[in-house]
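With chain A fixed as given, assemble chain B onto it according to the hints.
There are 2 protein chains.
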Amino acid sequence: MSSPIPEAFRDLLSRETKAFAALALVTGKGEPQVTPMWFDFDGEVIIFNTARGRLKDRVMKKLPAVALAIQDPANPYRYLQIRGRVVSETEEGAYESICSLREKYRGDRNYPRNPGEVRVIYKVRPESATTMG
Amino acid sequence: MSSPIPEAFRDLLSRETKAFAALALVTGKGEPQVTPMWFDFDGEVIIFNTARGRLKDRVMKKLPAVALAIQDPANPYRYLQIRGRVVSETEEGAYESICSLREKYRGDRNYPRNPGEVRVIYKVRPESATTMG
Chain A
1 MSSPIPEAFR
11 DLLSRETKAF
21 AALALVTGKG
31 EPQVTPMWFD
41 FDGEVIIFNT
51 ARGRLKDRVM
61 KKLPAVALAI
71 QDPANPYRYL
81 QIRGRVVSET
91 EEGAYESICS
101 LREKYRGDRN
111 YPRNPGEVRV
121 IYKVRPESAT
131 TMG
Chain B
134 MSSPIPEAFR
144 DLLSRETKAF
154 AALALVTGKG
164 EPQVTPMWFD
174 FDGEVIIFNT
184 ARGRLKDRVM
194 KKLPAVALAI
204 QDPANPYRYL
214 QIRGRVVSET
224 EEGAYESICS
234 LREKYRGDRN
244 YPRNPGEVRV
254 IYKVRPESAT
264 TMG
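Those sequence lines, one after another, are chains A and B. Be aware that the first sequence starts at 1, since it is given in the numbering used here, and climbs by one per residue. Be aware that the second sequence starts at 134, since it is given in the numbering used here, and climbs by one per residue.
Worth flagging that the hints you see were computed from the coordinates, not collected in a lab. Because the structure is a prediction, the values reported are computed rather than measured. One should not assume that every hint holds.
[Stated by the list, open to error] 16 Å max Cα-Cα, derived EDC-like pairs, lysine to aspartate or glutamate:
#, chain 1, residue 1, chain 2, residue 2
1, A, K123, A, E92
2, B, K194, B, E149
3, A, K29, B, E164
4, B, K256, B, E225
5, B, K162, A, E31
6, A, K123, A, E89
7, B, K237, B, E149
8, A, K62, B, E236
9, B, K237, B, D144
10, B, K195, A, E89
11, A, K18, A, E92
12, B, K194, B, E222
Chain A on its own, in the form it takes in the complex (with noise of 0.2 Å):
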């Protein structure tokens, strides 16, 4: 499939480059949210983990078009734009998803299991991207 990130800013996307997502929505009112995210990416869609019940999860769960902000850590003059649409979810593997995000950013597995808590993988197929520097 092609992509439409651009393959000089595929690197934003990289686990080693650990930039974080500005994830924005919107809300059941129709006002703006954001929350920097940590995320993945398979090449195809960009990955990310919630827990069950926050807001986050109520509003993706009805598969929204989604906007993402993606800085370089090294250069916050240098950054991707996505638009998007969340495509699936799935409680299935979440913890063990929300361990590897942890090693991505932490360098460690040991996301703590907070009682209570049910984690939700989103997966969000990018439709348009701009980049700036």
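The following block gives chain B in isolation, referenced to the frame of chain A:
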């Protein structure tokens, strides 16, 4: 006036910290958009500067609800999420204002004068804030 920004996170709004704000808006189509932005804070309102005619200008001119995420440049796990409302827009003094923002972030006031570009100041009043870290 009381502010919803907790005292312990005010440093993220200071000129010394040079943090960026991820500014999230809802487009006319009801979809989210998010952009890393320079900003300033006068103790009451958050000050942005964009160019007339851009998507951000077209959306914010309607004085809508917006959302911001501001990460500590020294610790990405420490951040502020702010929800607020655009309370004013003006072209008056807007070139001087973008020069002041450039001074905050780059150390000089030499913001280029781009032919045909009209700068606009937008002010956002924070209505609520959540903190992490």
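Hint by hint, here is what the structure shows:
no., hint, in the structure
1, A:K123 x A:E92, "holds, 13 Å"
2, B:K194 x B:E149, "violated, 29 Å"
3, A:K29 x B:E164, "holds, 13 Å"
4, B:K256 x B:E225, "holds, 13 Å"
5, B:K162 x A:E31, "holds, 13 Å"
6, A:K123 x A:E89, "holds, 7 Å"
7, B:K237 x B:E149, "holds, 7 Å"
8, A:K62 x B:E236, "violated, 43 Å"
9, B:K237 x B:D144, "holds, 14 Å"
10, B:K195 x A:E89, "violated, 34 Å"
11, A:K18 x A:E92, "violated, 24 Å"
12, B:K194 x B:E222, "holds, 7 Å"
When held up to the earlier numbered hints, the structure conflicts with 2, 8, 10 and 11 and fits the remainder.
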